[in-house]
Amino acid sequence: MDLTNGRNIASSAPARVPGAWWKYACGALMCYVIYGAFFIADGAAGFGKGGDNARAVFFHVPSAVLSSLCYFIGVVYAGMYLFSSRYNNLETDAKSSIAMELGLLFCTLATITGSIFAGIQWGVFWNWDPRETSIVIMLLLYASYVVLRLALAGRPEVRARLSAVYALVAVVPAQFLIWAVPRLLAGMHPTDTLQTSSGLSLHYKLVLYPAFLAFLLVFVWLFQLRLRAIKLVSRREAVS
Amino acid sequence: MIRGAVQPDAAGWASQARALFLKDVRAELRTRVALSSVGLFTFAALLLIALATRVLKETLTVDLARLPEAVTSEQIRAHMLPAWDDPGKMGLLWVLLIFSAFAGLAHSFVHEEEAGTTLALRLSMAPGAVYAGKLCFNLAVVLCVAAIATPAYVLITGLHTGPIAEFLVLMIAGCLGLGAVATIVAALAAKARGTGGLFGALGLPLLIVFELMLLNAANTLYGGDVTPLQSIKDFGGLISYSVLLIAVSAVTFHFVWEE
Amino acid sequence: MSKQVEIASILPRESAAVSAWDLFVQLDRITHRFGSRTVFEGVTEAAQEGEILVVSGANGSGKSTLLRIIAGLLTPTSGRAIVSAAGTELNGAQRRRLIGYVAPDLVLYRELTGAENLQFFAELHGVRADRAMLVDLLTRVGLRGRGRDAVGGYSSGMRQRLKYAFALLHDPPILLLDEPTANLDTNGVAIVEEIVKAQQMRPGGGLTIVATNEPRELEWSARRVHLGPGA
Numbered sequence: 444m445d446l447t448n449g450r451n452i453a454s455s456a457p458a459r460v461p462g463a464w465w466k467y468a469c470g471a472l473m474c475y476v477i478y479g480a481f482f483i484a485d486g487a488a489g490f491g492k493g494g495d496n497a498r499a500v501f502f503h504v505p506s507a508v509l510s511s512l513c514y515f516i517g518v519v520y521a522g523m524y525l526f527s528s529r530y531n532n533l534e535t536d537a538k539s540s541i542a543m544e545l546g547l548l549f550c551t552l553a554t555i556t557g558s559i560f561a562g563i564q565w566g567v568f569w570n571w572d573p574r575e576t577s578i579v580i581m582l583l584l585y586a587s588y589v590v591l592r593l594a595l596a597g598r599p600e601v602r603a604r605l606s607a608v609y610a611l612v613a614v615v616p617a618q619f620l621i622w623a624v625p626r627l628l629a630g631m632h633p634t635d636t637l638q639t640s641s642g643l644s645l646h647y648k649l650v651l652y653p654a655f656l657a658f659l660l661v662f663v664w665l666f667q668l669r670l671r672a673i674k675l676v677s678r679r680e681a682v683s
Numbered sequence: 534m535i536r537g538a539v540q541p542d543a544a545g546w547a548s549q550a551r552a553l554f555l556k557d558v559r560a561e562l563r564t565r566v567a568l569s570s571v572g573l574f575t576f577a578a579l580l581l582i583a584l585a586t587r588v589l590k591e592t593l594t595v596d597l598a599r600l601p602e603a604v605t606s607e608q609i610r611a612h613m614l615p616a617w618d619d620p621g622k623m624g625l626l627w628v629l630l631i632f633s634a635f636a637g638l639a640h641s642f643v644h645e646e647e648a649g650t651t652l653a654l655r656l657s658m659a660p661g662a663v664y665a666g667k668l669c670f671n672l673a674v675v676l677c678v679a680a681i682a683t684p685a686y687v688l689i690t691g692l693h694t695g696p697i698a699e700f701l702v703l704m705i706a707g708c709l710g711l712g713a714v715a716t717i718v719a720a721l722a723a724k725a726r727g728t729g730g731l732f733g734a735l736g737l738p739l740l741i742v743f744e745l746m747l748l749n750a751a752n753t754l755y756g757g758d759v760t761p762l763q764s765i766k767d768f769g770g771l772i773s774y775s776v777l778l779i780a781v782s783a784v785t786f787h788f789v790w791e792e
Numbered sequence: 002m003s004k005q006v007e008i009a010s011i012l013p014r015e016s017a018a019v020s021a022w023d024l025f026v027q028l029d030r031i032t033h034r035f036g037s038r039t040v041f042e043g044v045t046e047a048a049q050e051g052e053i054l055v056v057s058g059a060n061g062s063g064k065s066t067l068l069r070i071i072a073g074l075l076t077p078t079s080g081r082a083i084v085s086a087a088g089t090e091l092n093g094a095q096r097r098r099l100i101g102y103v104a105p106d107l108v109l110y111r112e113l114t115g116a117e118n119l120q121f122f123a124e125l126h127g128v129r130a131d132r133a134m135l136v137d138l139l140t141r142v143g144l145r146g147r148g149r150d151a152v153g154g155y156s157s158g159m160r161q162r163l164k165y166a167f168a169l170l171h172d173p174p175i176l177l178l179d180e181p182t183a184n185l186d187t188n189g190v191a192i193v194e195e196i197v198k199a200q201q202m203r204p205g206g207g208l209t210i211v212a213t214n215e216p217r218e219l220e221w222s223a224r225r226v227h228l229g230p231g232a
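Protein chains in written order, with our numbering: chain W, 444 to 683; chain S, 534 to 792; chain A, 2 to 232.
Heads up, a few of these hints could be off.
[To be verified] Simulated DEER-style distance windows between Cβ atoms:
1) Leu-593/W x Ser-37/A: 17 to 25 Å
2) Val-508/W x Leu-562/S: 50 to 58 Å
3) Ser-570/S x Val-579/W: 49 to 57 Å
4) Asn-214/A x Val-776/S: 50 to 58 Å
Rather than coming from a laboratory, the hints here were simulated on the basis of the structure. As the structure is a computational prediction, the values presented were derived from the model and not from experiment. C-beta: ideal position from N, C-alpha, C; glycine also.
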């Protein structure tokens with residue numbers, strides 16, 4: 444697979460595998476988060492079932508935050524692909540698409556964990572509160588990006604350009620999702636069911652903040668693995 | 534030697550866009566592909582809505598929270614409200630308009646791509662002018678559809694317009710966003726050559742947030758005690774969504790258009 | 002707006018029959034790939050005002066691709082196609098203005114008439130297309146009296162003729178002809194040869210690049226690029 448500017452993923456130096464130490468750290472941290480979620484943090488007051496369902500927060504909130512972060516990263520790479528001649532290559536496109544794919548993954552995880560939590564907490568798995576609505580729209584935006592890429596399989600350059608354009612165009616709804624939707628829907632649903640983080644106890648902070656870091660490391664790891672996989676596929680295609 | 538009056542400067546960007554718009558209008562008036570498909574779709578959809586909501590339209594509901602402790606049937610009757618209120622009707626109207634628009638708007642780019650006339654356009658005009666011309670044409674189609682479908686919808690469902698000026702601003706702002714989304718998505722879908730399904734799959738997710746904002750504006754419209762500031766905020770939000778989308782599309786369009 | 006000023010500055014005045022154009026097309030080590038398939042590699046050639054450059058090669062050797070690159074419709078994988086006039090390298094808008102293009106994959110609007118097509122594209126080029134000018138143009142390509150028929154009803158030969166009218170609308174100094182006589186009868190071939198001849202003697206200068214495999218058209222010029230194996 445060739446790049447538009449003549450450079451070639453396949454011919455570039457094989458991706459160096461970075462030091463493995465932080466991957467061990469990531470594993471240890473994740474173990475700590477899982478342990479902490481059940482044994483360090485207490486059941487939260489104010490939640491039903493003795494507050495045990497609140498433990499979902501440690502997995503749900505980092506996924507939700509990552510799903511927005513992924514979109515941001517994907518859009519930055521898309522912009523670089525289109526507007527910078529230096530980054531106008533298929534590697535940038537691959538990075539953009541990987542961020543979007545991982546965004547879809549984390550978004551799905553956040554939706555599922557959030558829905559389970561809501562189901563236990565409020566007895567309904569879905570009640571269209573602002574966050575739930577936002578995340579399902581986000582999920583749709585990610586999914587349509589992936590659908591566009593699928594429709595363009597086999598035409599790598601066109602796929603790179605069109606999907607980058609779509610990612611940039613979708614910034615507009617994504618922006619309004621962040622700024623406008625919570626406010627709009629709060630108007631429709633006067634009871635704000637969300638808990639603010641200001642009420643977090645120390646126990647929770649001790650687990651939640653490491654959880655953010657652990658999820659971030661998992662994201663970086665997955666990102667690298669996907670990039671290496673894509674490079675290997677393109678090298679094999681170039682050889683055959 | 535053939536020579537037209539070669540003017541010293543090439544046709545400006547705006548006159549190219551205008552020429553493309555007029556060409557599309559002329560071709561449309563001749564073939565009527567977009568208008569007839571959208572028109573038929575809208576008519577059939579209106580019929581379906583009329584049938585499906587016949588009962589709903591007459592259903593009344595009571596807000597229990599507002600009733601006094603011991604109620605008489607008299608009091609209940611006094612508190613009866615239509616189950617399907619005006620914001621709800623407005624929501625369905627926009628669902629109808631969005632789907633109707635999507636039935637026909639892909640045509641503008643897909644037709645050029647399928648007929649192979651994009652090459653002649655690329656040889657003759659600036660990419661930005663292509664975008665502007667197509668945007669104008671799509672806006673014209675959306676406005677036509679809305680102008681015909683909305684009165685029919687009002688007759689069928691008994692939707693109130695509320696303050697007429699604000700209602701019109703709401704409808705036009707909605708059409709603007711719809712046309713803006715449809716134009717860039719039609720360009721993408723046409724290039725992807727996966728016409729119908731892809732057009733909807735790419736376009737609808739971009740419109741959901743917009744539809745939410747429209748519904749919010751409709752709530753304000755029918756809310757009664759509305760400050761002018763609130764309506765300005767609502768309409769401003771709608772229009773800024775469209776303007777932003779058009780700006781991003783205009784900046785990125787040539788990446789879609791060029792080979 | 003600065004673009005338009007630039008265009009204006011390099012356009013010759015009607016009266017100026019001087020070769021102020023100084024047209025020059027230079028193909029500088031052009032390589033193009035579609036995916037992993039290399040179409041051609043390192044194509045280098047140049048042509049000047051008054052010349053005809055013939056591009057030949059087997060089917061699939063990339064003749065049309067090369068013409069598209071010269072027209073600025075396609076960016077080559079590497080290398081450059083420089084088109085310059087009066088010492089200035091032309092940008093996209095200027096190429097649109099100064100290049101006339103005929104190719105098999107060029108399609109005009111079937112739902113419009115021949116005259117409407119020409120009128121539309123003339124407007125895009127900023128050329129005033131009055132009736133006399135359209136009749137003139139249609140006569141020149143042998144379509145006189147057919148201007149009011151929808152292009153959808155044209156035969157393939159008539160469509161090829163209309164493409165010449167399209168290409169000559171804005172009186173371009175550079176003509177790019179891909180399979181110039183495809184679908185044409187003897188009369189049509191004669192018209193094309195007439196057009197090419199006129200282009201070389203065009204007041205203000207003209208340059209023609211032809212992609213073909215027809216033995217007769219290969220004879221049009223000694224300056225040739227052969228694409229494909231053995232190039």
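Worksheet item: CB of Asn-214/A to CB of Val-776/S, is that within 50 to 58 Å?
Response: holds, 52 Å
Worksheet item: Regarding Leu-593/W and Ser-37/A, is the given constraint of 17 to 25 Å on their beta-carbon distance met?
Response: holds, 21 Å
Practice prompt. Indicate whether the distance between the beta carbons of Ser-570/S and Val-579/W respects the range 49 to 57 Å.
Written response: violated, 31 Å
Practice prompt. Return holds or violated for the Cβ distance of Val-508/W and Leu-562/S against the range 50 to 58 Å.
Written response: The hint (50 to 58 Å, Cβ to Cβ) holds, given that Val-508/W and Leu-562/S are roughly 53 Å apart.
Violated hint: 3 only; the structure is consistent with all others.
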